[in-house]
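**Q** This is what each chain is made of:
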Amino acid sequence: MYFKRNKQNKNQQNVQNHTTEEKISSSLTANLDWIKKKTGESSDLVIRPIKAGVNFDLNATIVFIEGIVEGASINDFLIKSILSYQNWKEVIATEQIFDIISEQVISLGSTKKICEWNDLFLSLMAGESIILVDGVVGALSASTTGGEKRSVSEPTAENVVRGPQQAFTESIRTNTGLVRRIIKNPDLWLESLKIGKMTNTDVAIMFIKGTANEKVVEEVRSRLQRIDIDSILESGYIEQLVEDQTLTTFPTLYHTQRPDAVAGNLLEGRIAIFVDGTPYVLLAPAVFIQFFQSTEDYYTRFDIATSIRLLRVIIFIISILGPAIYIAATTFHQEMIPTQLLVIIAAQRESVPFPTLIEAFIMEVVFEILREAGIRLPKVVGSTVSIVGALVIGQAAVQAGIVSPVMVIVVAITAMANFATPAFSIAISARLIRFLFMFVAAVFGFYGIVLGIIMLIVHLCSLRSFGTPYMTPLAPFIPANIGDSIVRQPLWAINKRPKLISKENETREGHGLKPQPDDERGMKNSTLKKGDQNEV
Amino acid sequence: MEKAKISITQLFVLILLFEQGDSMLLPLAMEVKQDSWISILLSTIGGVLLFLVYYRLYRYFPNVLPTDYFQKIVGKVLGKGLAFLYILYFVYFSARLLRSFGEILGIFVYPFTPLIFINIFMVIVVVYTVRKGIEVLSRTAELLFIVLLFLSVTGLILVSSSGLINIHNLTPVLENGISPILKNVFTETLYIPFGELIVFTMIFPYLNSSKKVKSIGVVSVILSGMNLAFGAALNIGVLGTHLASRYQFPLLTTMQSIQILQFLERLDVYFLIALIIGCFFKIALFFYAAVIGISDLFKIREPSQVSYPLGFVVLFLSIQMASSYSEQLQEELKILPLAIQLPFQVIIPILLLIIAFFKNKKNH
Amino acid sequence: MKCKTFFLSLMISSILFITGCWSQKELNDLAIVSAFAIDKNESEKNKGRYEVTLQVINPGNVAGSLQGGGGQTPPISTYTSTANTILIASRELSKKVSRKRYYAHTNLVVISEKLAREEGITRVLDAIERSPEFRTTAQIVIAHNAKAADIVKILTPIDKISSNDVIKTIKFTEDIWGEVVKVNLQDVIRALVTPGKEPVITGFRILGSKDKGSKLENIQDTKPSGNIDANGIAIFKEGKLIGWFHNKTSRGVSWILNKIKTTAVAVDWEEEKEAIVYNVIRQKTKVKADMEKGSPVISIHTEVEGDIGEVNTSIKLSDRDTLFKIEKSFEKEIKEEIKQAVKQAKKNQSDIFGFGEKVYRANPTEWKNLEQDWNEVHFPKAKIRVSVEAFVRRTGLTKESYISDLENK
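Residue numbers (UniProt numbering), protein chains in the order written: chain Y, 1 to 536; chain V, 1 to 364; chain U, 1 to 409.
These aren't lab readings, by the way, just hints derived from the structure by calculation. Source: prediction; values computed, not measured. There may be inaccurate statements among the hints.
Each computed EDC-like pair below joins lysine to aspartate or glutamate, with the alpha-carbon atoms no more than 20 Å apart [said to hold, decoys possible]:
(1) U:LYS237 - U:ASP187
(2) V:LYS33 - U:ASP268
(3) U:LYS286 - U:GLU305
(4) U:LYS316 - U:GLU371
(5) U:LYS368 - V:ASP22
(6) U:LYS100 - Y:GLU350
(7) U:LYS25 - Y:GLU350
(8) V:LYS33 - U:ASP229
(9) U:LYS346 - U:GLU305
(10) U:LYS212 - U:ASP229
(11) V:LYS33 - U:ASP187
(12) U:LYS368 - V:GLU31
(13) U:LYS288 - V:GLU175
(14) V:LYS132 - Y:ASP244
(15) U:LYS284 - U:GLU327
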C-alpha cells in the first residue's frame, strides 16, 4: 500500500493507451481472446456462450467476473431472458441488436452500450456483465453488481445516546441511499468520478444545489479531478490529496460515519465526498468549531447542549495543556499552588529520581503505548490488558517510586479528556500538541505556555478550508452564527445558515417559531379582552 | 500593501488590545498621585482628537499606506525621508516595548534568565505572526480579546470581593488643583497610551469599509481610556498613593494582594497572562507597521522576507537600549515624550493634515 | 529547503535538552520556608547584628499523616544565621540548609520586641518588600518578651506547621474576640509611610517552657508544655516600638480601627459585676475629621448590633424597655473602651488610628500646617467625640434566665 510516484504512472498509462484506442471489434473470438489475455485468464472470469436470434444463429457471449456479480440476476434476468425470448425477427447482426436486447429482451435495471476497451474493462471489473455478439462492433454492459456486503449497522466510532443508530457501510450506493432517505429533495445533486489508476475507485460528490457555495463545489471538483494516483484505498487518501495545507496537525476536512451528520452538514451548505470501500464520508469545508460538535447536540434541548459544548472546550484545553500546566506550576511557579497542596506534592516528589519533565514524558509515553495496545488487541484479550495497564501504571510504578501519584492523576485526567473529544481527528492533533506544550513548559514555564497558545491561535487563524477561514464564526466574528458554535441556542432561534459557507441561501427557518403556551392560560385577567387593558 | 481586508470589529478589538498592552507595564501618571485617573481621562479626550486627525488623513488617501501618501503631500524626497523616519520610529518602539516586557518578566518571574532569551522567544512568535499578514493578526486579536475580557472581569470580581478597595485612598481629589494634572497630561499621558495610535495609520488602509470607522474608532479609544483610568484608580484604591507610586508594577502588587478563601492566593499568573497577550499585540502591531512600511517604501514584493532580519534588529536593539531598568523608565517617561513622541505623534500629523487640507481645497 | 528544516529542528531539540534552565526550580530542591524570624544578636561576637531564623517545612512529615506513618520527626525545622543585613543573612543560611530557600509561601514574619524597641522595624523590611518572591501579604507579629527565634521553634499540636497556628490564631481571635489586629507587610509599610498614621502590630508570647516546646514530646502531651498565645498590641512611633496595649485598651483600638467583627462585652447591672454579656454580631465604626476654629475635631461613631449572650442576674429580658436600658449600658461600656484606647495613645504621643490621615483627606490645606507636630502637639490636643449606638436584637433561646427562678424559690 505505498504511493507510487506519479512519473511511473505516466509511463504505464502510455502503454495502455495504445490498446485502448482501439474499439471493440466485431469478431467475437478476437474480443474474447483479448479479454482473456488482459485478465490473464483469471479463474473467476466466466465466459458463458449463448445463442440468440431466430434459429439461434446469433453467437453471443456473456462475460462476467464471479464474486462481484449477483448470481441470481445473471441467471434469472440475463440468461433466462435471452434464452426465452420468442420474438426475434429476421435481424442481421447490426448495432441494433444491442438496442433490441436492452430494450426488449433483458429485464435488468440499467444497461449501457460500450465501444471502447477501456470502458469495457471498467464495467467488467465493477461487477457488470458484458454481452458480446459475433459480428457486431461494440458490447452491451448490464448492471448486475452484487456480491457480499456488510449490512447497515451501528456506528463504531461515533456513538450517541439519542439519535439514529445507523452508520455508513462500504458500498457507495448504500451510503448515498442512506443520505437520500433523509433529504428527500430533488436539489440534492450527486456527481460521480472514478479516481485511482489501478483501483478505479468510485468517488461521488453530493451537495444541495442552491445552498452550497458554487465556488466551493467547483473547487472540490477541480481538486478531485486533479488527483493523479495509483490507488484510493480510503477517504483518507482523498483527504490528504485535496486538503488546503499539509503542514498542520489540524484537519481541514471533516469525516463522519453517520448519515444524519452528513445530512445536517449538507443542509448547512457543505459538500459531501463519498468514497467506495469505506464508511467514512468527507465533508468540505470544515471549520474548527465543527470538530467540537456532535449531532446529539441538536437532538437534545438547548440548555444541556450548551453546557456540554462549553464542557468540550474545557476538555480540549485540558487535553492540550494538562501536563504542561502541571510541569510549569511545579518547576517555575510554585507560588501559584496553595501551600498545603504544595507540601503534599513536594512530599510525593521526594522519592522520585527524575526531573518533572522526564517523569511526565515517561508517563505520557506509557499511556500512549497503552492506548495503542487497546486498539490493536483482539477483543478476547482486551480485559487482561486493562487490568495489566491499571496495575502496572497505577500501582506498581507509584510504589516503586518511578512516578509520583500526582503525575498519574494528571496524565489520567488528560487522557480522559482526550478520549472525550467528539471528533477523532482533533483528538489526534491534541495528542501531538500536548507533547510540544510539555517541552515548552519545561523550558519556559508559563510564559512559554502562553506564547505557545498565542502561536497556536495564530496558526489556527491562518488556516483556510476551501476558502473559508478556519476559525469562523469566532474570528472573523459573525454574530449571527455564534448561536450555533460554542453555545447552542434553542432551535427556534437559529434561523440563519453559516454565512461564509452558504452564501446563497441564508435563511433556514421562519420567524416566530418560539413555542408559546396557549394565551389563555397562566396569570391573566380573563375578564379583560385584548385591547381593554392599559397596554403601553 | 497586502491584499488583505479587515473588518470594523477587528479594528475595534485591535485598538482595545493595543491600548491595554502597555498599561500593565507603566505606572502611569504617578506624579499626580491619587488624581492619576483624572489625568488619564483628560488625556483620553486628547487621544480622541489625535485619532480623528489620523482618521482624516486616512480619509484623504484611502487604500494607500502612509509611506505612500506622505510623498503625495510633501513631495517625493521629503515624503520618502519622512516615511523612513517613521519606520525607524516604529522599529525603535517595537524594541522599546520588547525591552520593557522582558524586564518585567525578568523581575518577577524569571530573575535568573538572561534578558536575551526572554526576548528571543517573544520575537520568534511576533515574526511568525507578522509573516502571516494582518488578517491573521486581526483574527487572533478577536480570539484573544475574549480571553483578555474574561481575565479582566474575573480579576475585577476577585479584587472587589476580597475587600481590598478603599475608596478613601482616592481622596483628597484635586489636592493641588488642576494645573499639575494638565501638565502631566501634556508631558506624559497623552503620548504614552494614546499617541501611539499613530501605528493605526498603517492599518487603516486595510479596512474593508470606511463607513463606521470614525464612530467605532472613537468609541474604542474612549473605552480603552476608561479602562486605563479605572486600572489606575483601582491601584490607588487598593494600595494607597505612597505604595502605588513606589512599586514598579502597581497592578501586579494589587493582584498579589488578593486573598480569598485561603486558596485563591498569589494570583500573579493572571497578570502574567494578560501582560503577555497585551504586549504581544502591541509589539506585533509596531513590528507589522515597520515591516509593511519597509516593503512599501523599498518596493519589496515579499514582506515576509523582511521580517526575519528586522526581527534580529529589534531583538538586539532591545538589549542595547538601556543598561538598567531605571534608565529605561527614565527615558520612557521623562525624555521620550517631549523629544520624540510629541513631534512624531502630534506635530507632524497635524502639519500633514493641514497641508493635505489645503491641497485638497486647491484641487477642487 | 530540507537542510533548513533539518537544522532548525536540530537547534530546537537541543534547546529542549537544556531543561535545567536558569529560572527553573525543581520542587525537591526547595526548602519551603513558612516563617521568617528576625532578632538582634546578643552574643559578644556578633552584638548588634541581625539574626535570622527560618522555619522550614519537612514535606514528608507533614503529608505523612495523611498517608499513614510519619510523626517520628518534626514537621518543621529551624535554621539560624547572623549578618549585618537581612538579605545577606538569608543567603548565608544556605550553608546550613540543604536546599534553596523558597519564600513564596512564607506567610509569617516575626520580629523580636527588643529589635523593635531599640532599632525599630524600618531597617529590616526593605529586603522583604523588594524581593519578588516574598509576599507582601505575609503577616507580621512581634515576639513579646521572647526571642523571635523561639516563637518559630515551638511545635503546635493542631497545626502541623506552627506558622499556620499563629496566623490562624490571629485571624480567629480578630474575628471573635478582637484584642488583636491582623496586619500584613503591606499594611505596616503603608502605615509607616503615610503621614498621620502609625503602625500597630500584634504580639505573641511563649507560655511555659520554650525548650520543651520545641521538642516532639511537646505535641505528644494533651497539655503541651510550651505554647504560644497572642498577647496585646504593640504600638509604634517613627518605626520604633514604644508600648503595649492589653485587654480592654487593645480592644478599644480594634473598635476604632473598625476591625471588630464579633466580640463579647460584659457590663455590670445593679450591683452585680459583669452580669450581662452582649454578643456583638456586627459593628461599623466611622471616623470623621473636621476642623473647628483651626483645630481638628475627630468624631468616632460606632454602630453595634448584637444579642444577649449570658445573663447572671434576674432581669426581665422580655420587656422592651429593659432592653433599651441594657443597650444604654453597653454603649457606655464600649465608649469607655474607646476613650481608654485614645487616652493611652495620646499619652504615648502616637497616632495609631490614622486620625491625622483623615484630617489630610478632608482638609489637605489645613493639614499642611498640622503635619509637622501632629504626634506630639496636635494629636494629644485634638478633641475626640465618641458616640456609640448599640442595639440588642435577640436574647438567644431563653427569655429570662433560670437564675430568676432560683431567686424566687
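**Q** It remains to establish, for every hint, whether it holds in the given structure.
**A** Checked hints:
1. U:LYS237 - U:ASP187: 15 Å, holds
2. V:LYS33 - U:ASP268: It is violated: about 50 Å lies between the C-alpha atoms, which goes past 20 Å.
3. U:LYS286 - U:GLU305: Roughly 15 Å separates the two Cα atoms, so the pair holds.
4. U:LYS316 - U:GLU371: 52 Å, violated
5. U:LYS368 - V:ASP22: 36 Å, violated
6. U:LYS100 - Y:GLU350: Satisfied, since the Cα-Cα distance of roughly 15 Å is no more than 20 Å.
7. U:LYS25 - Y:GLU350: It holds: about 14 Å lies between the C-alpha atoms, which stays within 20 Å.
8. V:LYS33 - U:ASP229: 41 Å, violated
9. U:LYS346 - U:GLU305: Between U:LYS346 and U:GLU305 the Cα gap is close to 29 Å, so the pair fails against 20 Å, i.e. violated.
10. U:LYS212 - U:ASP229: Given pair U:LYS212, U:ASP229 holds - Cα atoms ~16 Å apart, limit 20 Å.
11. V:LYS33 - U:ASP187: OK: V:LYS33 and U:ASP187 at ~19 Å, within 20 Å.
12. U:LYS368 - V:GLU31: 19 Å, holds
13. U:LYS288 - V:GLU175: Status holds; Cα separation ~18 Å.
14. V:LYS132 - Y:ASP244: Holds, at about 16 Å.
15. U:LYS284 - U:GLU327: 16 Å, holds
Hints 2, 4, 5, 8, 9 from the earlier list are contradicted by this structure; the remaining hints agree with it.
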